[in-house]
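S.K.: Residue numbers (my numbering), protein chains in the order written: chain A, 945 to 1058; chain B, 328 to 441.
Check the hints yourself; a few may be wrong.
[As the list claims (entries may be wrong)] Result set (PhoX-like, lysine-lysine): computed pairs, CA atoms no more than 25 Å apart in a straight line:
id: 1; chain 1: A; residue 1: K1000; chain 2: A; residue 2: K981
id: 2; chain 1: A; residue 1: K981; chain 2: B; residue 2: K410
id: 3; chain 1: B; residue 1: K398; chain 2: B; residue 2: K341
id: 4; chain 1: B; residue 1: K336; chain 2: A; residue 2: K949
id: 5; chain 1: A; residue 1: K1057; chain 2: A; residue 2: K1012
id: 6; chain 1: A; residue 1: K1012; chain 2: A; residue 2: K1000
[Unchecked claim] Just a few of them, taken from the derived set where beta-carbon distance is under 10 Å, the chain A residues facing chain B:
id: 7; residue: Q946
id: 8; residue: G987
id: 9; residue: F990
id: 10; residue: F1006
id: 11; residue: F1009
id: 12; residue: P1023
id: 13; residue: P1026
id: 14; residue: G1027
id: 15; residue: D1028
id: 16; residue: F1033
id: 17; residue: F1048
No lab work stands behind these hints, which were simulated from the structure alone.
No experiment lies behind these values; they were computed from the predicted model shown.
We treat Cβ as the ideally placed atom computed from N, Cα and C, and that holds for glycine.
Given next are the chains, with one letter for each unit.
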Amino acid sequence: DQQVKQNSPSLSVQEGRISILNCDYTNSMFDYFLWYKKYPAEGPTFLISISSIKDKNEDGRFTVFLNKSAKHLSLHIVPSQPGDSAVYFCAASGVYNQGGKLIFGQGTELSVKP
Amino acid sequence: DGGITQSPKYLFRKEGQNVTLSCEQNLNHDAMYWYRQDPGQGLRLIYYSQIVNDFQKGDIAEGYSVSREKKESFPLTVTSAQKNPTAFYLCASSTPGLVSYEQYFGPGTRLTVT
């Protein structure tokens, strides 16, 4: 049972435009969400996170939106740059999740074209 | 310079052989994790350890074993019982209990079994 889903395997965006990556979850006990960025043959790096007590968190060009009623979060990148081309994973966790485990989605490969 | 190291970067083994992947961290983190990444499946948790001399199975522990004799080290053994061992393996660490739940990842080991 996939508790965290990223239904778009890939996304292509023109440089300078907005990239929107989506993530859905099923477990209402999740109360913390993270986005990771991953280049090929490298480990993921943390990008941005959001607690369930918020509906928006912004860090420079990156903004994460959380819609708890829809169990949906999205990552907005504005403006998109070629260096943003990577695989993006959303992940979820919460105080109920012993050991600090993260549940990851399948990932979305973003391609930003010059 | 704190971080997580995984060695080797690439590993080749013959079918039927056990192989041990190294993971070391100098972040003074209590918890460590092993994930496996396959194309289109995101990151799946193999084993995790919250403290020294203690570890728990993740979602796909069959065919794997771990040990946690030191806080800094969490080696993963891929045994001959693992049916599809060829994959990209990622080690991570964190300090559970903090609000962020952020995990820090190593660079990964690509294991190829033929």
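S.K.: Each hint needs a verdict: does it hold in this structure or not?
M.R.: Okay, the hints, checked on the actual structure:
At most 25 Å may separate the alpha-carbon atoms for a hinted pair to count; A/K1000 and A/K981 meet this at roughly 19 Å. Note on A/K981 and B/K410: the hinted pairing is violated, with a Cα-Cα distance of about 29 Å set against a maximum of 25 Å. Between B/K398 and B/K341 the CA atoms are separated by roughly 31 Å; this puts the pair beyond 25 Å, and the hint is violated. Between B/K336 and A/K949 the alpha-carbon distance is near 29 Å, which puts this suggested pair outside the 25 Å criterion.
Simply put, A/K1057 and A/K1012 have alpha-carbon atoms about 32 Å apart, too far for the 25 Å limit, and the pair is violated. The hinted pair formed by A/K1012 and A/K1000 meets the criterion: a straight-line CA distance of about 11 Å does not exceed 25 Å. Interface restraint check: A/Q946 against chain B, minimum CB-CB distance 9 Å, threshold 10 Å, status holds. At a threshold of 10 Å, the smallest CB-CB gap from A/G987 to chain B is about 3 Å, leaving the interface hint in force.
Hint status for A/F990 relative to chain B: holds, with the closest Cβ pair at about 5 Å, below 10 Å. Taking 10 Å as the C-beta contact cut-off toward chain B, the hint placing A/F1006 at the interface is violated, the least distance being around 15 Å. Taken as an interface hint, A/F1009 does not check out: its beta carbon lies about 18 Å from the nearest beta carbon of chain B, beyond 10 Å. Against a cut-off of 10 Å between C-beta atoms, the interface hint on A/P1023 is violated, since the closest Cβ of chain B lies about 26 Å away.
Contact between A/P1026 and chain B, as hinted, is not supported at the beta carbon level, the nearest pair being about 22 Å apart and thus beyond 10 Å. At a threshold of 10 Å, the smallest CB-CB gap from A/G1027 to chain B is about 19 Å, leaving the interface hint violated. Restraint check, A/D1028 versus chain B: the minimum CB separation of about 19 Å is more than 10 Å; hint violated. Nearest Cβ of chain B to the Cβ of A/F1033: about 6 Å, under the 10 Å cut. The hint holds.
Given hint, A/F1048 at the interface with chain B, holds; its Cβ is 4 Å from that chain's nearest Cβ, closer than 10 Å.
Checked against the numbered hints above, the structure violates hints 2, 3, 4, 5, 10, 11, 12, 13, 14, 15; every other hint is satisfied.
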